[in-house]
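Visitor: Listed here are the chains, written in short residue letters.
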Amino acid sequence: MVATLVVSSRGLGRLQQILAAGKGASTSCAVLWRRGYSSQQEQVSHKVDLPIEMESPYKEPPKRCLLCGINVDYKNVQLLSQFVSPHTGRIYGRHITGLCGRKQKEISKAIKRAHVTGFMPVVYKDPTFLNDPKICDIRHPE
Amino acid sequence: MQRPEMASALKRTIEALMERGAVVRNLENLGERSLPYKISKHNQDHRRGGYFLVDFDGPSTIVSTMLDHLGRDVDVIRPTFLKHPVPKTEECSGIIPVNYEDKLYTKKK
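Just so you know, the protein sequences line up as chains A and B, in that order. Following the working numbering from start to finish, the first sequence increments by one per residue and tops out at 142. Following the working numbering from start to finish, the second sequence increments by one per residue and tops out at 109.
Keep in mind that a hint or two might mislead.
Label-pair distances were calculated between CB atoms; the ranges are [to be verified]:
#1 B:68 <-> A:95: 26 to 34 Å
#2 A:105 <-> B:79: 22 to 30 Å
#3 A:127 <-> B:93: 33 to 41 Å
#4 A:56 <-> B:98: 16 to 24 Å
#5 B:18 <-> A:134: 45 to 53 Å
#6 B:57 <-> A:127: 53 to 61 Å
#7 B:43 <-> A:122: 16 to 24 Å
#8 A:94 <-> B:84: 38 to 46 Å
#9 B:29 <-> A:94: 14 to 22 Å
#10 A:138 <-> B:15: 46 to 54 Å
#11 B:80 <-> A:53: 51 to 59 Å
#12 B:60 <-> A:102: 24 to 32 Å
#13 A:47 <-> B:87: 46 to 54 Å
Calculated directly from the structure, the hints in this document are not laboratory data. Virtual Cβ for every residue (Gly too), placed ideally from N, Cα, C.
Let the hints inform the model, and build the full structure from the sequences given.
Guide: Written out as structure tokens, the structure reads:
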């Protein structure tokens with residue numbers, strides 16, 4: 001709709017100014033309205049920002065005992081002698097050897113088998129294995 | 001013990017095994033060494049001996065008869081029969097830390 005105005009030549013410039021201002025105001029009003037709508041859209045997608053659930057990256061790998069992955073055999077007298085007292089030939093307990101449950105049982109079964117089958121001495125440690133690297137230290141268990 | 005005597009003793013035991021229906025797979029010589037302790041058998045004290053390992057497949061009833069037979073053999077000091085070691089699943093997951101707080105109180109109600 002075009003407003004028909006009888007404009008005198010003197011007020012023409014003024015009218016143009018008013019029209020221009022009016023147009024600018026209307027456009028700025030439209031922009032503001034658009035901005036408001038877009039901010040509402042941003043609030044909807046805000047939930048994507050929450051932390052993702054995952055396993056702790058700082059988790060250490062589980063501790064492994066000395067014999068993890070090593071096959072225990074009753075014929076391997078040197079290995080078995082490392083878990084036996086040099087003075088009495090007694091088998092060291094779990095708190096001294098530091099082995100996990102399975103391996104401690106395997107070692108103790110293998111030692112008893114070696115005693116019976118005549119591979120390992122019972123009441124003392126074989127003298128040839130006395131200078132082996134010490135795994136079990138009685139004075140500082142664990 | 002001299003070699004021919006040892007060889008004849010081994011031959012005897014393996015033939016006895018095969019008589020009772022065993023299939024001998026392998027025979028290993030683990031060497032001759034001094035025994036870890038003095039073994040007295042057949043009115044004699046032994047301090048040195050030869051170790052042999054016989055791999056065989058056979059019925060489970062063979063064990064008692066063979067122990068009887070080898071007990072009477074003068075050349076055999078300590079006969080032993082063991083099962084084949086079964087290779088276990090190698091999934092050693094390491095030492096799992098035990099939660100002692102849970103163990104302190106019983107779950108019974």
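Visitor: I'd like to know which numbered hints this structure contradicts. Please list them from smallest to largest.
Guide: 1, 6, 8 and 9
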